[in-house]
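Here the protein sequences line up with chains A, B and C, keeping their order.
Going by the working numbering, the first residue of the first sequence is number 18, and it counts up by one from there.
Going by the working numbering, the first residue of the second sequence is number 18, and it counts up by one from there.
Going by the working numbering, the first residue of the third sequence is number 18, and it counts up by one from there.
Wrong hints could be hidden among the right ones.
For identical chains, the list gives no copy identity; a pair is met inside one copy or between any two copies.
Simulated pairs of lysine to any residue, SDA-like, Cα-Cα distance not exceeding 25 Å [stated by the list, open to error]:
1) 127 x 42
2) 127 x 50
3) 65 x 104
4) 143 x 42
5) 127 x 104
6) 143 x 159
7) 37 x 138
8) 143 x 74
9) 65 x 50
10) 65 x 21
11) 143 x 77
12) 143 x 67
13) 127 x 35
14) 143 x 41
15) 143 x 121
16) 65 x 78
17) 143 x 51
Read the hints as simulated data drawn from the structure, not as lab findings.
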Amino acid sequence: MAGEIEARLKALDLALPEAKPALGSYVPFLHLDRLLFISGQLPMKDGKVAFAGKLGADADLRQGQEAARLCALNILSQAKAALRDLDRIVQLLRLNGFVNAAPDFADHPKVLNGASDFLVEILGNKGRHTRIAVGCSSLPLAASVEIDAIFAVD
Amino acid sequence: MAGEIEARLKALDLALPEAKPALGSYVPFLHLDRLLFISGQLPMKDGKVAFAGKLGADADLRQGQEAARLCALNILSQAKAALRDLDRIVQLLRLNGFVNAAPDFADHPKVLNGASDFLVEILGNKGRHTRIAVGCSSLPLAASVEIDAIFAVD
Amino acid sequence: MAGEIEARLKALDLALPEAKPALGSYVPFLHLDRLLFISGQLPMKDGKVAFAGKLGADADLRQGQEAARLCALNILSQAKAALRDLDRIVQLLRLNGFVNAAPDFADHPKVLNGASDFLVEILGNKGRHTRIAVGCSSLPLAASVEIDAIFAVD
Chain A
18 MAGEIEARLK ALDLALPEAK PALGSYVPFL HLDRLLFISG QLPMKDGKVA
68 FAGKLGADAD LRQGQEAARL CALNILSQAK AALRDLDRIV QLLRLNGFVN
118 AAPDFADHPK VLNGASDFLV EILGNKGRHT RIAVGCSSLP LAASVEIDAI
168 FAVD
Chain B
18 MAGEIEARLK ALDLALPEAK PALGSYVPFL HLDRLLFISG QLPMKDGKVA
68 FAGKLGADAD LRQGQEAARL CALNILSQAK AALRDLDRIV QLLRLNGFVN
118 AAPDFADHPK VLNGASDFLV EILGNKGRHT RIAVGCSSLP LAASVEIDAI
168 FAVD
Chain C
18 MAGEIEARLK ALDLALPEAK PALGSYVPFL HLDRLLFISG QLPMKDGKVA
68 FAGKLGADAD LRQGQEAARL CALNILSQAK AALRDLDRIV QLLRLNGFVN
118 AAPDFADHPK VLNGASDFLV EILGNKGRHT RIAVGCSSLP LAASVEIDAI
168 FAVD
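This is chain A alone, in the form it adopts within the complex (with noise of 0.2 Å):
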C-alpha cells in the first residue's frame, strides 16, 4: 500500500520517475541517524537534461521553474530509494538552489519557487523548508537548474 504522500503524487497524476544514478565517483543518498542526505539533482528526465541553458540569457523564468520542478521531483524521487516510504519525511530542512545565471540575473527567488512551491504541495507542512537560492557560472551538463536537499527522517 502506497503512503499518503505518493497517494498525493497520484492525485495530481505525478509518476515518481526511477531514482537515478549518480554522475560519478558518489552515492545519491546518505542516511544517518535522522539525517538523510540527497546528492544535488539536476533537471533529468528519462535520461537526458530536459532544461539546459542560462538563466537571464537563453533560458527563461518559466523554463527555470519548470527546471526547479523537475529538480525536486527528481530529490522526492531519491528520498522514495533511499526510504521506501516517503511517509517516514519528518521535514524538509533544507535546499540548497543553484541557478545557472547570467552575471545580471537578478530573479533566483522565483526560480527556486518553482522547487519550493511543489514540495509545498506534496510534502504539506512537512515540505516547508530552509533554503539558499545563488547563482552560478555554469552547472553540469549545462543544465538550467542544480538542488540538492537534507531531510530529517524517523
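Fit chains B and C to the supplied structure of chain A, relying on the hints for placement.
Only chains B and C this time, still in chain A's reference frame:
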C-alpha cells in the same frame, strides 16, 4: 531580561533588525533536535538590499565586507526569532558565504571576514565557525553577498 | 600506531600535509556530536595554491581533477587534525564541490571525480558520499576548485 549576547549587541549600540520573511515559498529557519538551519540571508536593511553590485566590478571590498556584516546581523535576527534567547546558541557550526563576484575576483575570504569577525565579536568562542567562501555569477536582487548558517543549539 | 586509513595512504606513498590554518577569521573544522564539519579547502600545497585558473578557459580537465584531488587530501589533513585518528571516520556524508568555471563549462562532475575517486580509494565504503558539483564565477586566490565536507564520526 535580555541575555548575555544581546547585552553585547547593545553595548555595541546594535539593534537586531526585525527578522525578514522569506523571499519565496520557504521558511527563514528550522530547528531540529540540536541543529538550527537559517536560510540564505541577503544584506537587507529596512526592506531593501543595502549593498548591491558585483565585487571586482561595481562594488569594492569595503562594501562587500559591510554587506557580509549585514547578512550576519540578519542571521542573528533569524536565530533570535527561532530561539527567543540567543544564549541558547551552543556553537555556530557553519557559514556558507556566496559573493557576487566578477570572473577575476580573488578576495572572497576578505569579504566574508566582514561576517566572520562580527559573529566572533558578538558570540565569542561560540561564534567560531567553519566556512566556505565562493564566487557567484549573480545573486538574488543583485545583492553583493548571501550567507546561510547552521547553528548547534540547546 | 597509525590506523588502517593512514596505512592505506602510506601504501600509496602519500603523506598527509600539515593541516592549513583558515584563510580568515574562522576555523578549519568543528566537531559536534557525531558530525564533523570541514571548512572549504583549496588546492594548497606548501602554502601556495598549486592549481589556479578557470576550467573551460585557462585550466584543463586534468588540472581540475588534480586540483580536486589536492582539496580532498587537505580535507583528510583537517579531519586528522580534528580526530587524531582517521579510523574514527564512520562515513563521509557530503562533499560540496565548487569549480572555478567559464560560462560554457559543463564537465563539473568529471572535475570533482578527482576528489571523489581519491576519497573512496583511501576510505573505502566509508568514503562513498553524497555530492554537489557547481560552477563558480571565481574562487578565493583564483583556485580552480574549492571543496568542503561533512563527516559522520565516532
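Here is how each hint holds up against the structure:
1. With identical chains, the CA atoms of residue 127 and residue 42 are at most 25 Å apart between copies only, with a shortest distance of 9 Å across copies and 32 Å within one.
2. Taking the closest pair of Cα atoms, residue 127 and residue 50 never come within 25 Å of each other, the shortest separation being 33 Å inside a single copy and 30 Å across copies.
3. Taking CA atoms no more than 25 Å apart as the test, residue 65 paired with residue 104 passes in neither setting, with 29 Å inside one copy and 39 Å between copies.
4. In the homo-oligomer, the alpha carbons of residue 143 and residue 42 lie at most 25 Å apart only across protomers (13 Å), although the nearest pairing inside one protomer, at 31 Å, exceeds that limit.
5. Proximity of residue 127 and residue 104 under a CA criterion of 25 Å is satisfied in neither setting, with 28 Å inside one chain copy and 35 Å between copies.
6. In the homo-oligomer, the alpha carbons of residue 143 and residue 159 never lie at most 25 Å apart, since the shortest distance is 31 Å inside one protomer and 31 Å across protomers.
7. Proximity of residue 37 to residue 138 under the C-alpha cut-off of 25 Å is found in both arrangements, the shortest distances being 23 Å within a copy and 23 Å between copies.
8. When the C-alpha separation of residue 143 and residue 74 is checked against a cutoff of 25 Å, the pair qualifies neither within a copy, at 35 Å, nor between copies, at 41 Å.
9. For the homomeric pair residue 65 and residue 50, neither the shortest alpha-carbon distance inside one copy (33 Å) nor that between copies (39 Å) is at most 25 Å.
10. In this homomeric assembly, residue 65 and residue 21 never come within 25 Å of each other (Cα to Cα): the closest approach is 30 Å inside a single copy and 41 Å across copies.
11. Taking the closest pair of Cα atoms, residue 143 and residue 77 never come within 25 Å of each other, the shortest separation being 30 Å inside a single copy and 41 Å across copies.
12. Taking the shortest alpha-carbon separations for residue 143 and residue 67, neither the intra-copy value of 28 Å nor the inter-copy value of 33 Å comes in at or below 25 Å.
13. For a Cα distance limit of 25 Å, the shortest separation of residue 127 from residue 35 across copies, 23 Å, qualifies, whereas the shortest one inside one copy, 27 Å, does not.
14. In this homomeric assembly, residue 143 and residue 41 come within 25 Å of each other (Cα to Cα) only across copies, at 16 Å, whereas the closest approach inside a single copy is 30 Å.
15. For a Cα distance limit of 25 Å, the shortest separation of residue 143 from residue 121 qualifies neither inside one copy, at 34 Å, nor across copies, at 37 Å.
16. Taking the closest pair of Cα atoms, residue 65 and residue 78 come within 25 Å of each other both inside a single copy (20 Å) and across two copies (23 Å).
17. Both within a single protomer and between protomers do residue 143 and residue 51 lie at most 25 Å apart by alpha-carbon distance, with minima of 14 Å and 18 Å respectively.
When the structure is compared with the earlier hints, violations turn up for hints 2, 3, 5, 6, 8, 9, 10, 11, 12 and 15 and for no others.
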